[in-house]
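Residue numbers (the numbering used here), protein chains in the order written: chain A, 1 to 392; chain B, 1001 to 1253.
Hints are computed from structural coordinates only; laboratory data are not their basis.
Please note that a few of the clues may not be correct.
As the list claims (entries may be wrong) - Which chain A residues face chain B? A few, computed with CB under 8 Å, are given here: (1) P235; (2) G254; (3) A267; (4) R270.
Keep in mind that this is a model prediction, so the values were computed, not measured.
Backbone N, C-alpha and C define an ideal beta-carbon position, used for all residues, glycine too.
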Amino acid sequence: MAGKPVCHNGQGAEPATQDQLSAWAKAYGRLPLPADLNWLWTIGAVLCAILALMLLTGLTLTLVYTPDAGLAFGSVESIERRMPAGWLLRAMHMTGASFFMLALYVHLLRGLYYRSYLPPRRAVWLSGCALLVMVMVTAFAGYVLPWGQMSYWGADVAGKAVGALPLAGGWLEGVFLGGDSPGTPTLHRMFALHFGLAFLIVGVVLGHIAHVHARGSSSPSARPTAATGVLPFHPYFTVRDMLAIVLVALAFVGVLCFWPELIVEPANYRPANPLHTPADIEPEWYFLPFYGMMQAVPFKLGGLLLSGGAVAVLFAVPWLDRATDAAHSAPVVVRMGAMGLLVCSAVAVACAGLHHMQGVWMLVARLGMVGYYAYFLLYLPFAGRVWRRGRA
Amino acid sequence: MMVRRCVAIGVGLLWACSALAQPARGPAPAARQQWSFTGALGHFDLAAVQRGYAVFAGSCASCHSLSQLHFSDFEGMGLQTAEVVALAASWQVPDGLDAEGRLRHRAARPDDALPSPYAGPEAAMVANQGVVPPDLSRILQVYPGGPDRLYGLLVGYGPQPVRQIGRGFSNPYAIGHFTAMPPPLHGNEVKYADGTVPDVQAEARDVTTFLAWVSAPHLDQRRRLGVGAGLYLCFLAVLFAILNRRIWSDVRK
Chain A
1 MAGKPVCHNG
11 QGAEPATQDQ
21 LSAWAKAYGR
31 LPLPADLNWL
41 WTIGAVLCAI
51 LALMLLTGLT
61 LTLVYTPDAG
71 LAFGSVESIE
81 RRMPAGWLLR
91 AMHMTGASFF
101 MLALYVHLLR
111 GLYYRSYLPP
121 RRAVWLSGCA
131 LLVMVMVTAF
141 AGYVLPWGQM
151 SYWGADVAGK
161 AVGALPLAGG
171 WLEGVFLGGD
181 SPGTPTLHRM
191 FALHFGLAFL
201 IVGVVLGHIA
211 HVHARGSSSP
221 SARPTAATGV
231 LPFHPYFTVR
241 DMLAIVLVAL
251 AFVGVLCFWP
261 ELIVEPANYR
271 PANPLHTPAD
281 IEPEWYFLPF
291 YGMMQAVPFK
301 LGGLLLSGGA
311 VAVLFAVPWL
321 DRATDAAHSA
331 PVVVRMGAMG
341 LLVCSAVAVA
351 CAGLHHMQGV
361 WMLVARLGMV
371 GYYAYFLLYL
381 PFAGRVWRRG
391 RA
Chain B
1001 MMVRRCVAIG
1011 VGLLWACSAL
1021 AQPARGPAPA
1031 ARQQWSFTGA
1041 LGHFDLAAVQ
1051 RGYAVFAGSC
1061 ASCHSLSQLH
1071 FSDFEGMGLQ
1081 TAEVVALAAS
1091 WQVPDGLDAE
1101 GRLRHRAARP
1111 DDALPSPYAG
1121 PEAAMVANQG
1131 VVPPDLSRIL
1141 QVYPGGPDRL
1151 YGLLVGYGPQ
1161 PVRQIGRGFS
1171 NPYAIGHFTA
1181 MPPPLHGNEV
1191 KYADGTVPDV
1201 QAEARDVTTF
1211 LAWVSAPHLD
1221 QRRRLGVGAG
1231 LYLCFLAVLF
1241 AILNRRIWSD
1251 VRK
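With these hints in hand, go ahead and build the complete structure from the sequences.
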């Protein structure tokens, strides 16, 4: 392509952009990737596929949904009962939310385990953390929209949590709820947030991917590409991504069609009733670890700071890990053990979040929280230092 | 209006909770029944759904609403358009006020929502000793225990049920073993075209099937789609696995 003579005859404007596009596509197709990437590196493609699905189904659902406290529940019912294939679109959007968060957590843990956050990929990690926060906000706002019992009381709990912030808390709660309690203004805000953030997420995802391409992919062995060898993105990794997407789609269809009770909260099929508080207010499964942390602390502000800190600490990971390069890392057993501790801690806090915070569950939640923070604040800083010294 | 309605619902629920939850006994475990629609590959027995509609219209509809349903939705239980028009015409829906300010009624059309038996929650409370009968649009989705417990509740009254002041009727499948609902079925509410004896058990089975269909009208389509899409994706996965193997076959491990 570069070596061929090109005839410039003054009509080059259109073909030039076409050439540019195809050159760009070819450059992405030829992107050299380390040959030792494993299957965990396919999750990024899976996430892109689910994001596309969420955008398409979400845009279609927008056509019928009405963000009004008196009409929202009925409009969701009419989507499910009367809009052509509406039940399918809504089911895909609901299942997609759970699958997206699950894939995002796996993607995050993969980066954490293989230390993909080390230079030169710090900005990739930071944009990923920003995406996590944006996706969480979008997921929460989306859960409020059907205006069932859990939507209403979830918004109520979140509003009170925001209100517990010092200084600006009361003002922020007013901005969030648009009144003293959740109502039509809250729905308008959540709908705008849900809709707007979706497109912002697409923009940041594009930046995230472009950055990976500019800096090169991380790899399981963290050895330089000269040692691992490289393979072009297409066809070696595209075919693997496609296979992973099809396998995830298979699980997706299984949950959507045969086991929807895994992700559907029955209480949200009752219309919101401000005068009847449900016995158990619980968020979707993917927020349970953070919800558990919020409840495990006896005073509101502390709970809020600790659960917010559990996400915020992810941003600091590239600086918490003191190792200079990924090759000097702890033995696999130690890394697996630490990762196991992190995952078990998060699951323990999530289980505690499902129950009333009393007695044993309070203890479980607090121990889990200690385990979670220990990974970031003790293991990451000290493991790097110990093994660097061991090598030296 | 909205606020008053919410207050009324809230007060009603509070009363119901305080009246019914005093002995904090959980409901008795209901005996397992055979249902056409349970299991991963079950499907609705539409004849039972249609019979259940007759039981609903004859018995339940005098107190309970199905506010999220439109008459046209009944096409999903196997009725033709003409049959749905005839079915809708057998219901009366409010049609604004006449010149003297009195409420007018007209025969319903397929695009009307099912009318509520009461003008509002206050009227429902007055008519039912302070308890608002729940809407049944999603009852099997939100009712803990599923169809088995609903069936148990419908047939679980004693032989001579009496209303106890402040507690309601004794029924082992209700929370606290008392329910505010009087026994809804007595047998012979409907006439079955196929000659089945319309006893309480048969009616309860049919109306439970009907309410399960109302709560999840697209369950059959959902499962059919799952089988088709699942088989297609399995086939696609095999193709991609073969392609993946072939493409990676020239890479030295």
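Enumerate the violated hints, using their earlier numbering and listing them in ascending order. Of the numbered hints given earlier, the structure breaks none, since each of them holds.
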